[in-house]
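Line by line, the protein sequences are chains A and B. Position 44 of the first sequence, counting from 1, maps to 43 under numbering that gives the first Met the number 0, and the rest follow consecutively. Position 109 of the second sequence, counting from 1, maps to 108 under numbering that gives the first Met the number 0, and the rest follow consecutively.
It is possible that part of the hints are untrue.
[Claimed, not checked] Footprint (simulated), chain A over chain B, 3 or more residues, beta carbon under 8 Å: (1) 73 to 84; (2) 130 to 144; (3) 171 to 183; (4) 193 to 201; (5) 204 to 210; (6) 402 to 412.
I should point out that these hints are in silico values taken from the structure, not numbers from a laboratory. Every residue gets a Cβ at the ideal spot worked out from N, C-alpha and C, and that includes glycine.
There are 2 protein chains.
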Amino acid sequence: MREPDAFRLSRRQLLASSALASLGVVGALEVGSPSPAGAAVGTGGNGVVDFYGTHQAGIVTAAQDHLVFATFDVASRSRSALSTTLDAWSQAAARMASGEQIPGDASPAYPPADTGEALDAGPGRLSVTFGVGPTLFSRPAVSGTAAPVSLADLPAFDGDQLDPTRSGGDVCIQACADDAQVAFHAVHNLARLGQGVLALRALQVGFGRTSSTTTAQETKRNLLGFKDGTDNLLAGDTAEIAQFVWVDDEREPHWMVGGTYLVARRIRARLELWAATPLGGQEAAVGRFKRSGAPLGGRHEHDPVDLSATGAHGLPLIPDGAHIRVASPLANAGQRLLRRGYGFADGVDPVSGELDAGLFFICFQKDPALQFTAIQRRLATNDALHGYLVHTSSGVYACPRGLSPGEGWGQVVLG
Amino acid sequence: MREPDAFRLSRRQLLASSALASLGVVGALEVGSPSPAGAAVGTGGNGVVDFYGTHQAGIVTAAQDHLVFATFDVASRSRSALSTTLDAWSQAAARMASGEQIPGDASPAYPPADTGEALDAGPGRLSVTFGVGPTLFSRPAVSGTAAPVSLADLPAFDGDQLDPTRSGGDVCIQACADDAQVAFHAVHNLARLGQGVLALRALQVGFGRTSSTTTAQETKRNLLGFKDGTDNLLAGDTAEIAQFVWVDDEREPHWMVGGTYLVARRIRARLELWAATPLGGQEAAVGRFKRSGAPLGGRHEHDPVDLSATGAHGLPLIPDGAHIRVASPLANAGQRLLRRGYGFADGVDPVSGELDAGLFFICFQKDPALQFTAIQRRLATNDALHGYLVHTSSGVYACPRGLSPGEGWGQVVLG
């Protein structure tokens with residue numbers, strides 16, 4: 000006996016989402032009710048993040064609670080195969096963001112079109128963000144396509160211990176959702192759609208979002224126990240987002256105008272060493288109080304950071320090497336980043352016996368050389384936190400502008 | 000300037016929890032409102048799971064959404080050091096389950112007593128479950144203490160590809176919570192308290208709970224896309240829980256009466272092979288319809304499984320090798336398990352290039368030899384799913400009875 004309604008839930012879910020939207024519920028969630036820490040209200044009703052738009056979702060979208068970040072390498076020499084696959088990816092991403100399944104024949108004689116593990120989970124505020132790495136443009140399948148102007152491998156930084164298999168990649172997918180399984184499902188299905196054309200290179204699960212991206216979200220703590228991202232750029236900072244995030248350079252390929260650059264760094268934290276550091280030392284390294292997140296010398300998290308304030312003996316309250324001083328726009332020609340970081344815990348380091356855990360750092364910017372690279376150069380040299388951190392992966396990717404319905408990433412990037 | 004209220008939130012959080020309890024809110028959540036998929040209602044108000052009781056928490060407790068499972072080896076020859084550390088662990092676990100911090104000096108001159116990453120997260124329905132492995136009893140620090148009667152290494156099963164570093168361990172900690180960071184925080188702080196005495200051996204993050212443990216929880220899907228645990232033992236099946244889960248054998252050490260045995264298996268799923276299998280083949284391998292979870296021949300998930308039903312040509316509707324037939328109590332002398340499984344995704348297998356993802360399987364039982372081992376022997380030989388699964392870790396642990404306030408795991412197990 001076959002099930003009469005096999006694989007039809009997707010439409011019901013879509014209708015449910017639409018119904019929520021018509022009630023104004025989805026919009027409210029999307030703008031970012033104070034980070035719902037995975038707050039499903041009822042079954043699977045986490046809301047829908049629009050896939051289509053001027054910019055890609057997952058950048059200024061209120062940061063979801065879970066991340067699956069994956070990279071892929073082109074495994075085909077065929078331009079049309081790659082283009083078709085990337086178009087299929089964007090269509091699939093749009094469907095999954097709506098809580099729909101990958102469509103296909105539901106006959107028992109064929110493999111299911113969708114792997115199915117998110118079938119009852121709802122849209123989960125899924126966003127799927129796509130980027131292309133520098134190596135893509137040396138692939139035969141991409142021959143003749145101009146690379147984005149600011150897309151170049153990051154330089155080596157002092158202290159880097161990069162795992163090449165975790166780094167780089169011809170393309171990346173950042174899947175964020177309030178349900179970890181929804182984020183995994185998205186990457187799983189894109190990997191499957193890419194078989195033979197885009198080979199999975201690396202995959203990283205992240206939990207416990209740190210940086211907020213809207214004022215409605217409270218600041219969360221990273222695995223060092225500190226509030227992280229207090230001074231992040233926020234979706235509502237329209238002028239700053241235009242200034243620091245969205246590409247508007249006419250020398251860029253047309254598909255990068257409205258796009259941005261994503262930098263990803265897997266940053267292992269030496270948690271045992273950190274935990275053995277006195278509270279005062281931790282706070283001096285960060286430049287903030289651990290409990291409140293207030294800048295040293297302040298009382299409340301969002302008190303302005305006064306880098307010139309001095310205390311006893313005329314010493315600066317925020318020490319010279321404090322992270323927030325070295326990373327400050329004031330120390331970096333005014334440059335800022337839009338951050339979207341997640342914690343990770345991948346087990347035990349076989350050599351040291353220490354936790355292999357830390358922060359999977361993602362940031363978005365208009366120009367990686369002027370923004371991430373310039374800031375990270377200073378951090379790698381001067382930041383008191385640097386001795387507690389080991390960067391174990393690195394990647395930079397150009398994220399195209401957002402798509403309109405009917406457009407696909409293959410068509411837009413490969414023409 | 001010091002913060003006047005540094006590290007005092009813990010008490011406020013405790014008061015908040017008590018306030019919720021007095022409103023009857025905590026109880027309602029704990030019995031298991033339909034799995035809240037991490038449903039924080041407001042900030043950090045996920046409820047408290049009682050740490051103290053006849054049995055340990057985290058066994059029949061309504062399955063939380065996230066898992067961190069860790070194993071440790073004894074690194075000291077001192078019985079008193081081990082006993083003191085285990086007592087400190089249970090006290091810390093009780094505090095963290097209440098949403099409190101590890102207590103200690105909040106002076107800037109000392110390392111913080113708590114690592115702090117869950118400071119604002121609330122209790123998150125955290126449960127911390129403790130078990131001891133067979134190897135513990137050959138450690139000098141444990142000399143003279145009798146091992147539980149049914150605690151013995153699991154035999155090798157056909158197809159096992161066990162990673163020894165992920166397997167075994169002198170003790171285990173299962174931390175479950177509706178907030179992944181709360182679960183990580185618990186293991187992180189226990190690891191820190193154990194330094195020099197209990198060395199971290201392995202750590203596994205799991206997301207996307209599969210098996211429900213209460214009737215109020217809907218069945219979730221595993222990464223194969225199937226509802227998992229439809230026929231699980233449930234907290235409300237009091238007679239079956241007494242029959243299959245809680246140890247009541249008078250030959251056992253007194254601390255095992257009211258305890259249980261935990262088996263953990265990291266089961267990698269060959270997701271690429273599975274995704275290439277026709278829907279009918281997947282359903283035949285499981286014995287259930289993918290969409291509804293109904294047994295083949297049935298219409299609804301909870302329809303009774305009729306192993307004798309036949310279809311065309313007199314063939315069984317549930318094939319000979321179907322997972323639910325081979326794992327059925329009818330095929331296993333009536334034996335059953337209490338399951339608590341989670342999905343995992345640890346990246347890409349460096350050899351095959353395939354996803355290193357699957358199910359971190361945990362089950363509880365009165366007697367591993369009669370229950371998990373007997374059933375797994377049949378599954379490893381006859382289960383049609385077996386060809387899609389690779390067991391990459393294995394562990395068996397005796398979980399003591401629950402503690403009363405004032406008791407500790409060291410005192411109870413080591414005397």
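Hint check results:
1. 73 to 84: violated (count 0)
2. 130 to 144: Check failed, 0 qualifying residues.
3. 171 to 183: holds (count 5)
4. 193 to 201: Contact hint for the stretch 193 to 201 of chain B vs chain A: holds, 5 residues under 8 Å.
5. 204 to 210: With 3 residues close enough to chain A, the hint holds.
6. 402 to 412: Since three or more residues must qualify, the claim that chain A covers the stretch 402 to 412 of chain B is violated, with 0 doing so at under 8 Å.
The structure fails to meet hints 1, 2 and 6 from the earlier list, while all remaining hints are met.
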